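Asks: Reading the sequence shown from the start, the letters are residues 15 to 229 in our numbering.
Below, computed lysine-lysine pairings styled on BS3-like, alpha-carbon distance capped at 30 Å: (1) Lys47 / Lys92; (2) Lys92 / Lys22; (3) Lys181 / Lys47; (4) Lys181 / Lys92.
Just so you know, the hints here were simulated from the structure itself, not pulled from any lab data.
Since the structure is predicted, the reported quantities are computational estimates derived from the model, not experimental observations.
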Amino acid sequence: MDIQSTLKLVTVYAIPVIFAITLHEAAHGYVAKRFGDNTAYVLGRVSLNPARHIDPFGTVIFPLLTLFLGGMLFGWAKPVPVNQGQLREPRRHMIWVVLAGPAANFLMALLWALLLRILFSMGETQGFLWEVSRAGISINLILMVLNLLPIPPLDGGRVLMNIVPLKTENLLARIEPYGIWILLALLLTGVIQPVIGAGINFFFELILKIVFFKL
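Based on the sequences and whatever the hints tell you, model everything.
Replies: Here it is as structure tokens:
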């Protein structure tokens with residue numbers, strides 16, 4: 015791959031990745047503020063400024079490595095701080111705070127698909143914007159499905175922690191520091207790929223039905 019092709023590939027994926035992680039994290043902070051915790055707001059994390067959310071390794075280096083190695087594009091941002099004790103109904107409201115991130119990714123995938131439909135209706139089925147839109151759909155669906163896995167500290171794991179008994183929650187809390195490494199091991203061994211693939215296909219088909227009015 016020559017330098018020009020490499021730069022184009024990086025740019026095509028960088029734009030939707032930045033939008034995906036920024037809105038995902040800002041959504042957590044926004045919903046937390048609505049339910050009584052303004053920690054993220056005070057720290058400036060309820061922001062559409064990507065610089066406030068970017069983690070140099072998780073947002074830049076690691077996604078580039080997965081992209082060039084041909085694996086599933088994966089990365090993360092700096093987690094938005096949430097003081098669960100400040101929420102009006104800590105366990106119930108924390109579930110909504112957590113789900114706000116994946117919901118933001120679904121909405122973004124839907125918006126990229128709408129843009130793709132507009133381009134298609136105009137006869138534009140190639141070019142930079144077409145490629146960015148396609149990347150935007152896949153990136154947001156991958157991030158959404160990965161985050162919904164019931165492994166702390168992923169969003170799905172945090173939902174699980176707030177619906178199980180406190181004893182089980184404490185057990186999950188002890189697993190949480192190793193959650194990312196568990197996920198990476200599952201991805202590298204391919205054990206979890208069928209689950210992720212099925213989830214992505216389900217939501218992709220749902221988006222197609224919405225965008226093309228086939229519900």
